[in-house]
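Novice: Chains A and B are the protein sequences, given in the same order. Counting from 1 along the first sequence, just add 367 to a position and that's the residue number in our numbering. Counting from 1 along the second sequence, just add 67 to a position and that's the residue number in our numbering.
Hints listed in this document are in silico derivations from the structure and should not be mistaken for laboratory results. All of these numbers come straight from a predicted model, not from anything done at the bench. The C-beta atom is built at its ideal place from N, Cα and C for all residues, glycine as well. Hints are supplied without guarantee of correctness; some may be wrong.
Partial list, derived from the structure: chain B residues whose beta carbon lies under 10 Å from chain A [as the list claims (entries may be wrong)]: (1) 328; (2) 339; (3) 360; (4) 414; (5) 419; (6) 420; (7) 422; (8) 424; (9) 428; (10) 430; (11) 431; (12) 432.
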Amino acid sequence: MKRLLFFPWLLAVCLSARAEDVFLKDGKVVRAQGLRREGNFLFVRTVNAEGVGSEALLQFSQVERIAFGDPPAMVEARKLANAGNAAAVLEKTASLVPSTRLFADVPGNLWADLVRLRLPAIAILKDRDALSELQKQWVVTGDADLEEALKLVVESQAAGDSKASLQRWKSVAVPGATSLTAGLAWLELGKAALEAKQWKEAVRAFLSVEVFVANYRILHPPALLGAIRAFVSSGELKDAKIRMEVLQAEFPNSAELRLAAELMPLPPVKK
Amino acid sequence: MVPPIPTGRLRGANRLLGVPTRQICQSLISLSLVLVSAKPLITSAQAPAAGAQSEVVLGDRYKAAMEDFGNGEYKKAVASLQEILSKATDGPGWDSVRYSLAAALFNNKEYKKSREKFEEYLKLYPQGAKVADAQMGVGQCQLALGDKAGAAKTFALVVSMGGANKEQAILSQAALLKTLQKNDEAAGLLQPILASGVRSPESVEGALLLASIEVAKGNRDRAFQIVNILYNRPDIVNNPIQLNGLTFEVGDAYLKAKDVKKALSAYALVRKKEDVLALHNARIQALNRRIEANAATAKAEPARSVDLLEANNILRSYLEAAKGTLEEIEKTPSNLIPLRLRQARCYQDEGRQWEAVLLFESALNATEKAGREDLLYSLGAAHAELENTDESVAVLELYSKEFPKGKNADSALYLEGTQLLRKERYEAAVPVLSRLVEGFPKSKAADRAQFYLGNTYFALAQYPKAIEVYEKYAQQYPTSDHIEEVTYRIALCHFSSGVYAKALPAFESYSKANPGGAFAADALYRTGFCYFAAKQYPDVIQICDAWETKFGYDSLRGEVLSLKADALAGKEQRMEAVAVYRQAIEKATTDQVAQYALFEANKQLQKLGRWDLSVDLFQEFLNTHPEHPAATGAYYWLTRAMIKQGKTVEAKQYLAEKIYTLIGDRSKDAVEQLLSQLAQLCSKRVPTPAASPDASVAPTVSDNVAEGVVVPPAPAYDGGKELASFLDPSKMADAPLVKARLRYAEAELARMTKRPKDAQDLLDQICDQTPANALGASLLAQCGDRLMARGQKEKAKVFFQELMKAFPHSELRDYAYNGMGQFALEEGKAEEALRWFDDAIDKIGASTKLKDVVYGRGRALLALQRFDEAKVSFEQVAASREWKGETTAEAVYLLGEVFFQKGDYSAAVQYFQRVFVAYQRYHSVVAKAYIRAGDCFEKLAYPEKAQAHYRELLRKEKLSEFPEYATAKKRLNNAPEK
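Extracted from the complex, chain A is given alone in its bound form (with noise of 0.2 Å):
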């Protein structure tokens, strides 16, 4: 028994090196050096000026919202995230999932900022594991935009590119909307597009990405990938190359950068 509770504690001193704030509905802050949590009760770490630490526990009643620091592999998912790089956000994040999860529900948690990390990387990839581990995983996040774009992304790799699907793409994809469930229909109608020879069509989509969802630059390669490729197949070079240059100089190290190099036509050769 004594061994099941020290358990956590451990855990959770592993998974909080750095300090927490925790608000309390009464308007008073305690600065956490670790917490862990049993039930309804969160057992708060603090250690006081002479370094003397003592435990504290807490109702969660009590508890107006707690300032998780970023984790240090958050931090670096980031900027992997920024650098569109989904193969390597999904990796990072891994092992945040069960931790950020215990959390869920307390306001100020990390869950939704985790799945906002994962689902896109989870989309761009088609990791069909990943997705179905997300699904058994999943606590609601209080962000409907999350549970759309999950409905979507489990909707699209069970029906494919299905009328229904097309439809239902359309119905989030409305021009001007910043939200992740867009960026993803907007993937998947320029793709739908490209198959079709669309080449408007998937221009609009893909570059509908990011014009407009701007905060989930990891869909950004992808669709300017998905640009290129319209471009180059309907002749407009000039367009393809422009894009190129924002993926060059926006995602150099982006597998989607050594795809489109491969699309675009070589220069002629100066004799």
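The hints should help you fit chain B onto chain A, whose structure is shown.
Specialist: Then chain B, alone, in the frame of chain A:
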């Protein structure tokens, strides 16, 4: 193109010193109310002279005054407070009354009096509780009265006093310094507020002000950094609209500095109005929740109640401010269009028009109208840039509809007009360019628009209108860049109208004025053509020679040589003409010219009976131009010349050889002509020198007996076998096209040997068994027609569409235009039908299907109730001898219909009667004409005559199969008995 920054708090007139005026007033109000509640007023000791009753009265008055104050009734509050002060002597608590009066005067915008009262307070109560507040009030009054230097000193004094007003004083002072352009000093003042981070509303105010100062100083990155921090703290930013305004400012600064990426990052932070509202509502709810939670805790834990209630007082002041801001946000216009315009500009600066288009389109449904004009124009222009002509035209049309007098109205019309011209939509371009020319004569684009308008009329072959526009242009813009071309085009209009008498002097005048002009070679060539029209052949030859001397290497040389050859032919110098035509073939730069010269030369040789030279001509042409579009036609004529030379067997052999090489090539649309020719040659026995001159009649046994010659009868001639001997499928590719073409040859043979049923069946097999995309133009055209006759509309459409798509330059496209027009008519789409028929005539001349097209056009015009134009079309059909047949009868019938629908029954009846008098063979038309004639007489109140027509119809048994027969019967039965 980017419109000014939306007037938000940052630049708004209601802003005072970086802190909104309302907010300052709000703080004064709050303080005053606190005073009311904190200090009970005027005790008996403080007012001994007044009785207890009057004390109570004054106390009530003060309460009432503070209520007025709280309700924003400052004037009333001032009056009440002044009354209190006049009726009682000074005493403890009196400081509150004096302070409240000063505050009420300030809020009532009586700054001079307010300042006096604040100063009076400071003089009377140097140790008073509100000294710092009063000093702050003095500063605000000084500022309001324009005494900036004095205000700065006062704020500095408040800062030095410390206390609750310190931060507010710093903010006011910094804002003041900013207006005095002392940005460094202002920034220095603000730094301490932000030193401990952005945690309080005051620090937010400070951060906003500092960011604005950093922008002014050109420190965009520092400003952007602050803005980013503020966006991450929506819980304490009381005025998100102000933050949005600041973000626009930062983005604009980046855009101005051409740092597009950062500008886009800044604009990406700007929140839409609905998002701001949602966030702000959430903030209000959170404040409410905190107040409720504190109250509940205070109740449960009395020991903490003082602290918690104090915290709630602060939270309530935030809540009040937040509610005020909410009202302000609701009144603020949407920022969507200004935001999208800016973001689009960023992309456009990087040559990314598509992204700009997406942004413009996303704002089109914005409810706010401000900025819509710029939005629509920019979208139209971006589509034009991308050559998305249809989209561009649609958007610019919308612009012109919504903003006919807008600032870009002329540019929008110009852009729309040029886009329509790009798509060759000339009819649509005319009203657009005309609106620009007539409605905006002073526009910079007016001259070009007028020039293009003339060109548009020219393209529409409306030469008189074109001349009118060009002449007006020449008058209005005599020194314009286009004047030479306009002069030339006027001559060209006369020329194209066939008015050579006017064209000739116009070309000569042009040539004289522009000897080295861009159109000099063309003008001289056309001058020669004018002389040719007047049959002045020697002049033509002289001009052509002069042309060769002057412009020998011009690309028109082939045309000029052809003209010279035409003139020689006109003079009946046929051999000389042939020689020049051959030169023309050699020098021609276009296929059409070479083709013209080739077949004209052949005509001359035919007239001379020089079939040998015809053979030479075509053989030489085929040697030098094997891939020429006229090559297949040349094979045809070559074999005809061979036949004329009596070399029928060789001709068959030659045709077969050529067919073998061409039959699998879909693009060679004259292969069917060769097949038809071979079928024709095989349809009859080849006459041998000993045989009868009439090759189609084989010598009979009796003929031979009569001549005393005993010869066995010749075997019956089998054309099919003969044809098959030349077309061996095993030597050809096994392709649907080849099979279809071989069937076509059989069908042609069947038609020529008078087996129409077989011919039709074979064509049906081609229609049913060959996919449209496998056939050449000729079979697509014929199959489309056949399917149309069979009533298979949808399948016919597929063939016609394939014909238009795969053979965009084929002369046989008129089959498709006609077919599509007929279908549109059937579907009741008269306007669409009219477009198809007009295109058939205007775009390709409708050579093969002219009769059907003109007739169809008439029907479309009739359906559109454009009676006069319909009449012209029907008259054209009815008057054409070559088109005589059922269509003529139909045209006459429809002429009657035109007048019937116009209500001119007397005129109508004449046409209907003409049908059953002159076109009795066409029973279905005749039957309809009888009934319609009856209708006319009934309308004219001659029922007997109408009945006579019905009876006449019933007498004609051949008409009994038509529904009109039953109609006539019914009408007679219903007629009243005499």
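Novice: Could you run down the list of hints and mark each one as holding or not?
Specialist: Here's how the hints hold up against the structure:
1. Residue-level restraint check for residue 328 of chain B holds (minimum Cβ-Cβ distance to chain A is 9 Å; threshold 10 Å).
2. At about 9 Å, the closest approach between the beta carbon of residue 339 of chain B and any beta carbon in chain A falls short of 10 Å, and the interface hint on this residue holds.
3. Below 10 Å, beta-carbon pairs count as interface contacts, and residue 360 of chain B has one with chain A at about 5 Å; its hint therefore holds.
4. A least Cβ separation of about 8 Å between residue 414 of chain B and chain A falls short of the 10 Å threshold, and the interface hint therefore holds.
5. About 6 Å separates the beta-carbon of residue 419 of chain B from the nearest beta-carbon of chain A, less than 10 Å, and the hint is met.
6. At about 8 Å, the closest approach between the beta carbon of residue 420 of chain B and any beta carbon in chain A falls short of 10 Å, and the interface hint on this residue holds.
7. Contact between residue 422 of chain B and chain A, as hinted, is supported at the beta carbon level, the nearest pair being about 5 Å apart and thus within 10 Å.
8. Satisfaction of the interface hint for residue 424 of chain B is found here, the shortest Cβ-Cβ separation to chain A being roughly 8 Å, below the 10 Å cut-off.
9. With its C-beta approaching chain A no nearer than about 5 Å, residue 428 of chain B sits inside the 10 Å limit, and its interface hint holds.
10. Checking residue 430 of chain B against chain A: minimum C-beta separation of about 7 Å stays under 10 Å; hint holds.
11. Interface hint at residue 431 of chain B: satisfied, since its Cβ lies 8 Å from the closest Cβ of chain A, which is below the 10 Å cut-off.
12. Nearest Cβ of chain A to the Cβ of residue 432 of chain B: about 8 Å, under the 10 Å cut. The hint holds.
Going down the numbered hints, you'll see the structure goes against none, and every one checks out.
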